[in-house]
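So the protein sequences, as listed, match chains G and S.
Note that the working numbering numbers the first sequence so that position 342 is 342, with each residue one more than the last.
Note that the working numbering numbers the second sequence so that position 102 is 102, with each residue one more than the last.
I should point out that these hints are in silico values taken from the structure, not numbers from a laboratory.
Treat the hints loosely; a few may be bogus.
Derived Cβ-Cβ restraints for the label pairs, each shown as a range [unchecked claim]:
#1 S:P218 <-> G:L262: 45 to 55 Å
#2 S:G377 <-> G:A213: 24 to 34 Å
#3 G:L262 <-> S:Q216: 49 to 59 Å
#4 S:G149 <-> G:P302: 57 to 67 Å
#5 G:R78 <-> S:E59: 15 to 25 Å
Using N, Cα and C, we set each Cβ at its ideal position, and we do this for glycine too.
2 protein chains.
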Amino acid sequence: MQTHTGSTQAPAAAHGHLNTPFLMVDKPKFIDNLIRLRSLIAPFGVALRPHFKTIRAIEAAAYVLPDASSPVTVSTLREAEALAEAGYRNITYAVGISAAKLPRVGALIEQGVTLTVLLDSPEQVQAVNDYCAAHRCTIPALIEIDCDGHRGGILPEDPRLIELARLLADGPAQFQGVLLHAGESYRCYRRQGLQEAADNEVATALRARNALAARQIPCPVVSVGSTPTAFSYRQLEGVTEVRAGVYSFFDLVMANIGVCELEDIALSVVATVIGHNRDKGWVLVDAGWMALSADRGTARAPVDYGYGQVANAGGAVMAGMQVLSANQEHGIIGRVDGHPLCFEDFPIGSRVRILPNHACATAAMHDQYQVFDGLHGTHEVWHRIKGW
Amino acid sequence: MQTHTGSTQAPAAAHGHLNTPFLMVDKPKFIDNLIRLRSLIAPFGVALRPHFKTIRAIEAAAYVLPDASSPVTVSTLREAEALAEAGYRNITYAVGISAAKLPRVGALIEQGVTLTVLLDSPEQVQAVNDYCAAHRCTIPALIEIDCDGHRGGILPEDPRLIELARLLADGPAQFQGVLLHAGESYRCYRRQGLQEAADNEVATALRARNALAARQIPCPVVSVGSTPTAFSYRQLEGVTEVRAGVYSFFDLVMANIGVCELEDIALSVVATVIGHNRDKGWVLVDAGWMALSADRGTARAPVDYGYGQVANAGGAVMAGMQVLSANQEHGIIGRVDGHPLCFEDFPIGSRVRILPNHACATAAMHDQYQVFDGLHGTHEVWHRIKGW
Chain G
1 MQTHTGSTQA
11 PAAAHGHLNT
21 PFLMVDKPKF
31 IDNLIRLRSL
41 IAPFGVALRP
51 HFKTIRAIEA
61 AAYVLPDASS
71 PVTVSTLREA
81 EALAEAGYRN
91 ITYAVGISAA
101 KLPRVGALIE
111 QGVTLTVLLD
121 SPEQVQAVND
131 YCAAHRCTIP
141 ALIEIDCDGH
151 RGGILPEDPR
161 LIELARLLAD
171 GPAQFQGVLL
181 HAGESYRCYR
191 RQGLQEAADN
201 EVATALRARN
211 ALAARQIPCP
221 VVSVGSTPTA
231 FSYRQLEGVT
241 EVRAGVYSFF
251 DLVMANIGVC
261 ELEDIALSVV
271 ATVIGHNRDK
281 GWVLVDAGWM
291 ALSADRGTAR
301 APVDYGYGQV
311 ANAGGAVMAG
321 MQVLSANQEH
331 GIIGRVDGHP
341 LCFEDFPIGS
351 RVRILPNHAC
361 ATAAMHDQYQ
371 VFDGLHGTHE
381 VWHRIKGW
Chain S
1 MQTHTGSTQA
11 PAAAHGHLNT
21 PFLMVDKPKF
31 IDNLIRLRSL
41 IAPFGVALRP
51 HFKTIRAIEA
61 AAYVLPDASS
71 PVTVSTLREA
81 EALAEAGYRN
91 ITYAVGISAA
101 KLPRVGALIE
111 QGVTLTVLLD
121 SPEQVQAVND
131 YCAAHRCTIP
141 ALIEIDCDGH
151 RGGILPEDPR
161 LIELARLLAD
171 GPAQFQGVLL
181 HAGESYRCYR
191 RQGLQEAADN
201 EVATALRARN
211 ALAARQIPCP
221 VVSVGSTPTA
231 FSYRQLEGVT
241 EVRAGVYSFF
251 DLVMANIGVC
261 ELEDIALSVV
271 ATVIGHNRDK
281 GWVLVDAGWM
291 ALSADRGTAR
301 APVDYGYGQV
311 ANAGGAVMAG
321 MQVLSANQEH
331 GIIGRVDGHP
341 LCFEDFPIGS
351 RVRILPNHAC
361 ATAAMHDQYQ
371 VFDGLHGTHE
381 VWHRIKGW
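Please model the complete structure; the sequences and the hints are all you need to start from.
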């Protein structure tokens, strides 16, 4: 992991004019995180198709996507529409398609976007084929493969894989290949488990590709990915692309999994101290779940960070200090390491930063990112794409 | 509780043109809920100061607030600014004030809004007094009283109550009175516990008021409230106003507490079935925590509803069906009552409605409400006020 010096941090004075709570991005850390995964995947000779679901801000796209033809993954058609408007042309919508959304898919394809959809049922294949036939268009489609029982997808040995691929390949839609997501890797907290999850993701993908090859069905795309496995591949022979999203910001879940350090986390919520409860050892801040999200993704992790790890206004992690509980607009901060809390470190009106359990969830609570670059002394605002 | 017939529900066909997931309000239920609390509080002869934090939509304000002078509570200055722009003039900002926010408070007061702030520390009193002195204005302030150790506030017997009230009363700010919130009542699941929490809230408020009276400090405002206690007061002698928010929509937390029935819940997320996993008994829908929120407010309640209770597209509750888990854009629905799931009830492409654990949290994930009135056949869109 890269080493950050205090100098990448925006000084507290740089954001004093912004009312709290707000969402802060440490831009040098964000860019370091992007470079780190890109450098890790490049030697494998496969494409990186970053997942835009974490960031969802067009101002950030240029950092994540080298050019207009760069592959990108989205979790909503709204993201795809915003990226298309910004000129991006190679987009995979990685949530199972429904018939009612096909007119929006069709509109993007008509604009010249390669918008690839995902599916795993005959009903979805039928809907896509029917839409293509009715509108004389070609929608590329991937079949979702289940590698770990996490949510959707079909097993590589399931005969439905061949049936669906044939229905697509023979129909007006276009069969593009297979897509897997090792969602269960989020529960791996050791290097060995991560490598096994990564190996399994790749091996399952190849079993699907080989099953198709045995029936002479070409499978140009073999797409795998999740942030935990993206940092754990030992080989990617036969895979064509890797997807990952949360690595751009990182978070406390990923720190638990071991693919980043607390110092790599580029996202935080800045909050103001609005009260003390000396009897209980509580500092009250003006960031509750509305600013932090209600995500308790570290609840069953080796280190449970409550509703977030506390850092000081300059970004330095304050060991043992967490958000113990969160109401809508109140967070209660306290120590979890048995030491007494020093209230003088948290005067009323002073600011703290809260590192998120889950960057995707915390970012989703905000309309804007306040992006600071302490190295260059810059401040910019990125705007979240909202909705579906 | 009122009885709803199926006829208040918008038929599924009424929303077929909207892409899922989206947030739906059943307007007749919403209005019934508003009437129910108003009717319950009116006989006590105290004001109802609805909390706008749940709804946060100006289009809804006219239903909640009879006229421009109606009292209203907010959780953010952004709500106060939007309400002021819409003409409302009597607003209490019920989150501890910080010095950095006072220019926005001052701007509202200059516009003629009675914007009352909340505080519980000498630093906050000093900041408000200093601001008033520097800007020759008068900011009304309430002192937060702690009635149940939930988060902030000071105890009524704490000598700081008198000190702070004196500093306000003698300074350029204006001491208005005391405010309490029985936050711990959210953990009461029996009528007796709720009544005790309500009694305690009122009794604690009166102890604070009496402590002030004993020092000849007038206390014109005695503000209490939370949705659980608002439905449980036995007497309100000496109280001047009641605050509550979530009662307007109700949710599964409130159903657990016993202040509403599932049929009273006016808010739901409409989702589309995008997959089946017959081996696991799972139906996958396109609403994950991004649409539902990650709030697990019923986790320790008598009935744990997972990430939400499933209803059919017409709004009828499907007993035993819950959202078992939620990823960003995927929800996994299944049975929790041991019965086998009938997949024919959930064809791919069909719709379900998910009742929320916590209406405030679920609504916060959306920019808009799709508001249907099945009785009058109308559909309108309300826009959420976002941010702080």
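Outcome of the hint check:
1. S:P218 <-> G:L262: 45 to 55 Å: holds, 51 Å
2. S:G377 <-> G:A213: 24 to 34 Å: violated, 55 Å
3. G:L262 <-> S:Q216: 49 to 59 Å: holds, 54 Å
4. S:G149 <-> G:P302: 57 to 67 Å: Once the Cβ atoms are compared, 30 Å apart, the range 57 to 67 Å for P302 of chain G and G149 of chain S is violated.
5. G:R78 <-> S:E59: 15 to 25 Å: holds, 22 Å
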